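Q: Residues per chain are reported as follows:
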Amino acid sequence: MANQEFATTHMKFQGWITLLARLVLGGVLIAAGALKAGNPAHAAMAVRAYQVLPVTLANILGYALPWAEMGVGLALVIGVAVKGSAIIGGGLMLLFILAISQAWARGLSIDCGCFGGGGASLPVTRLMCKKSSEIPVSPRSRFTYFGIRTVNLG
Amino acid sequence: MATDKKKSQQPAQKGMRGLVIGMIVFVVAVGAAFAVISNQSIKSLKLPSSVSKADGYGIVFNPTGSPKIDIWEDFQCPICDRFEGINGNYINQVVQAGHAKVVFHTMSFIGPESILAANAGACAANSGKFIQFHAAMYNNQPTTENSGKITNPWLTLIGAAAGISDPKFSSCVNNGDFINWTKNIEADAAAKNVNATPTVFVNGKELDRNTQYMDPVAFKKALTDAGVK
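Quick note, the sequences are listed as chains A and B, same order. Numbering-wise, the first sequence is residues 1 to 154 according to the working numbering. Numbering-wise, the second sequence is residues 1 to 229 according to the working numbering.
No lab work stands behind these hints, which were simulated from the structure alone. Being a predicted model, the structure only gives us computed values, none of them experimental. One or more of the hints may lead you astray.
[Unchecked claim] Computed beta-carbon distance windows for the label pairs: (1) B:G22 to A:Q102: 32 to 38 Å; (2) A:A31 to B:A33: 19 to 25 Å; (3) A:L98 to B:D208: 25 to 31 Å; (4) B:K149 to A:G27: 30 to 36 Å; (5) A:W104 to B:K149: 31 to 37 Å.
We put the beta carbon where it would ideally sit given N, CA and C, even for glycine.
All chains should be modelled from the sequences, with the hints used to inform the complete structure.
A: Now the structure itself:
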């Protein structure tokens, strides 16, 4: 009985929780991308400073990543390709955490460059990753552009 | 009331969904491609007179001197200002005495005002007053980056304060003669894995950021060890 009650409550709020997660992750990605896209030279420098990728690759990633972030963020906010975008967005956050962790572990003194030139934002990143991990397993989200629940009266 | 989302979607809606996704992918691809292409070195452009591709497009003093000291900096970078305060006089002495080949790479990653300042630095180099301009620029560095303070008229005043009387200087600054050149400085620094300013290479090898930058004794020793008299 209690189980069933929980399931009903879960059904009721699931969509809204997922919507919130989508908007927060999408919003953060759009903001992070937009702040960096205006200064690609600095974004590329931030990627190089992690000292993971070969220089040429790091530069290309630095120039391209802000655009990818904006694209994934936009898809999440609009609500198209939600599952795929959530997996990519969550995966990006996971990569960022790994990149920052390895920099810390190696004693590299770097500025993460998450939102452009300055500002350490690891706590935000961690939160985003937790949130985004909820999305792919969720069955349905409120207010996706094409996924609005319809009731079949036939 | 379990309904199937997929079944209830009209074919037209599916097409629309594809269109929206397609548009996002298109914008991302075009933006990313443009960013990659526009940050490459420009092949044919106007260069300041003391600049060559071989030296990473930097402004060169004592081209036949040895050892070779490369300094990457950004006129808006506050740590560069501190570095200038600590080692600037010594570096200027080395340049003026001809005790080393010194290459200044004036980067502009901090933003649009760095681009204007780097352009003005190149104009000053063409008027033979780069070192003086460089000192005046740091003496007057605005406390906040891209605050709107660094403009071409302001840079012209800095030039005057640095003792530049060459009439070509202000037109060079105002016309942005070397704006494109600043891109090549950036592209070269990116290729050489320069990830911070200031960055100093002595004979192609970076100094130790933890010990040799902000200590005037250690900095001087690093240079004299490399053969600077």
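Q: Hint by hint, say whether it matches the structure.
A: For each hint, the structure was consulted:
1. At roughly 36 Å, the beta carbons of G22 of chain B and Q102 of chain A sit within the given window of 32 to 38 Å.
2. Evaluation of the 19 to 25 Å hint for A31 of chain A and A33 of chain B yields a pass: the beta carbon distance comes to about 23 Å.
3. Look at L98 of chain A against D208 of chain B: about 27 Å separates their beta carbons, and that is inside 25 to 31 Å.
4. Distance hint check for K149 of chain B and G27 of chain A: the Cβ-Cβ separation is about 32 Å, which falls inside the suggested range of 30 to 36 Å.
5. The beta-carbon spacing between W104 of chain A and K149 of chain B, approximately 36 Å, falls within the hinted interval of 31 to 37 Å.
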